[in-house]
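Going down the list, the protein sequences come from chains A and B.
The opening position of the first sequence corresponds to residue 1 in our numbering, with each subsequent residue numbered one higher.
The opening position of the second sequence corresponds to residue 1 in our numbering, with each subsequent residue numbered one higher.
Think of the hints as simulated: they come from the structure by calculation, not from any bench.
Check before you lean on any hint, since a few could be wrong.
Claimed, not checked - When the alpha-carbon atoms are kept at most 20 angstroms apart in a straight line, the in silico SDA-like pairs for lysine to any residue are as follows: (1) B:K126 to A:P187; (2) A:K207 to B:K217; (3) A:K373 to A:Q479; (4) A:K441 to A:D303; (5) A:K454 to A:F382; (6) A:K210 to B:K217; (7) B:K126 to A:M300; (8) B:K207 to A:P232; (9) B:K217 to A:M300; (10) B:K217 to A:P187; (11) A:K95 to A:Y151; (12) B:K6 to B:I70; (13) A:K210 to A:V274; (14) B:K217 to A:K373; (15) A:K207 to B:P122; (16) B:K6 to B:L148.
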Amino acid sequence: MNSEILYLFIIPAVAGIAIFLFGKRSPLFREGIAVLGSGITFLLSLHIAISTTRGEVLSLFEDELRMDALGGLFAGLVAFIGLIAVIYSIPYMRKEVDKGVIPPERLRSYYGWIMLFISSMLLATTTNNIIMLWVIIEGTTLASVILVAFYWNRNALEAGYKYAMLLTVGITFALFGCILLYSGASPHIPSGLDPLKITEIAKVSGKIPKSVVLLSLALLLAGFGTKSGIIPFHTWLPDAHAEAPTPVSALLSGVMIKVGVYALIRTVTVFYPVYPETIKLFIVVLGILTMLVGIFMALMQDDLKRLLAYHSVSQMGYIITGLGVGTYLGIYGGLFHLLNHTLFKALLFLCVGAISSVAGTRLIHNLGGLGRKMPITALCFFVGALAMGGIPLFNGFMSKLTIFLACAKAGMLWATVLAVLTSLLTLFCLLHAAYRVFMGKAADAANPANQEIKEVSPLMWGGMLALALLCFIIGVYPQIVFPVLNESTRAISAMTALP
Amino acid sequence: MEEYSKLISTVSLSLIITSYLVIELRNLRHSAYAYILQALLMCTLFVIFARQNPGLYYWALTAFVTKVVIIPYLLLRYIRRTTDQEFPPLIGYLGSILLVSIIILILFRVTHQYIEFLAPTPSATKEPFRTNLAVSLTIFILGLYCILSRRDAIKTVHGLLVLENGVHLSLVSLAPLLRETALIGIVTDVVVAAYLLLYIIFGVFEKFGSTDTFQLKGLRW
């Protein structure tokens, strides 16, 4: 019995329900329960991640819930960013209430939904049932719809409608794909074993008819690809990431889109040994296109949050490319970049939240000279920008380099060239934005409101600084994450018999 | 199952006609009634298939509770709170009828004839599962057509529900032994998705004064 898997998603769910029930009484009942719930969840996820990194596979209810190193990695990331986002939310959302952006009674709903959202993402990393995986992935969307539309103004409602509609339609394609996969595999699975289990389906993937494999692959890529923000299914992403409250944007960009990738890994890589070249090439092309479209759209943005959202699309392209290459090095690089992107993207979103919270705007042309007034935020933003730009000594460098090498070693030099080009454009785009915001001159520098701008509260910059430190530490000592990434890559290999 | 083959084919084809009505009826309330009719036909189909596989009685019950009772209740509630006249769609009435008819004819013929490419098991290629799969795919695409061609936000929810019905119908042929927990999970997601979408659309109606999705263009690029 590995009941800790159960507690992993039950604790935040219970915290969420408790906030809905008692959150009206006082801030302690909403903020306190949220911090306590996410704190315990983080410690539990750390314990689980350590166990799974040692090669243990945790299992419950006859393998219905199953957590290997890959699941442990994702659970750790979700719980970590979840805790940081919840702590950051306390001063951030209080300020939104003070500014009159939201009425105080809505904070209960905010913390309640955020805990349910975290719980749903953690549940997704534990299930070994292909249909339940779909149900939970859709559940993560539903748990976050109200958070995306939280401000309930015209833009937020537009983003919320697009988010709910596009993701629900997209994910319905994945349901068809999951059903086909289950149906195609079940006649080949010996009686007594459960054909709904992903681990059983993987064992017979070679026996599923080719036409069914191709159809289910297309459906799964469209469905879970929509969730991951892969082009051409990415259109919901910039709107949702930009209009949600910033801590939610950090969760959406930092971890939720990765849960879509997790579902893709669990389902699509099952076919790697059967149709390696065609599938892998197609996924790499998709990854490179996602990378390019994302960066070109990011270059056109003036809104900092939309800029970061398009960068998320672009960086998802790297992750997909790495996973698409399909070799040990490629998958290792893809997972490494996924981990790094979680850290630096959450960091950058939190920095933008800090900026908009004190400056009242997130439009680059209205901002300037914030470096002296907000030195910690400026430092953190630059660390995030350099990490995402792939500069040595920061974590993005090593993961991008791994992906470049994996593409080159797989004979896809064209992919390496395009990935390097995208990386240079990413660096330019982010440094240009950072320079204008922190070093440039504000459009209305004489405005008295601008004179009063000062650094945000330690509860906000504390999380940012922790993320920035991790970006630097992993950049200097990339070997510290080797055990978890190596074991996660091996967990995928165990399913797909990688070369 | 052969003795019920004709009945299954008739009910399946009626499902296409109800999809047609859900999409083409301009009065949202009438469109919701057509959806209830479709859901009832789906329940009937599950009951017929359940004679061979008793597990499907649970499916019929689950479909009845969610698709005949809860979802229509939500739909009619929000239609009452907004408007019951659909915002004029992109394609006119005659053009849409023509297009839908072409989609139905081509898709049904092609999927029915070449089902071997789509069916994962030999049994799914035989009647009545063959017709069932062809009908499922046709309904799925009709739902997608409704979402893509309609300007009215509530009508796009109708389209989404038709699309989901297409997938659920395919379960009879593709996954008849699916456990109830999985099925309940799937339909719960649909109910919650419909509720949240309608809740947000009501917010859109309050802020924009209309359910026209063409007004939602503040966030382009």
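Exercise. Any hints this thing doesn't respect? Which numbers, in order?
Worked result: 2, 3, 6, 7, 8, 10, 12, 14 and 16
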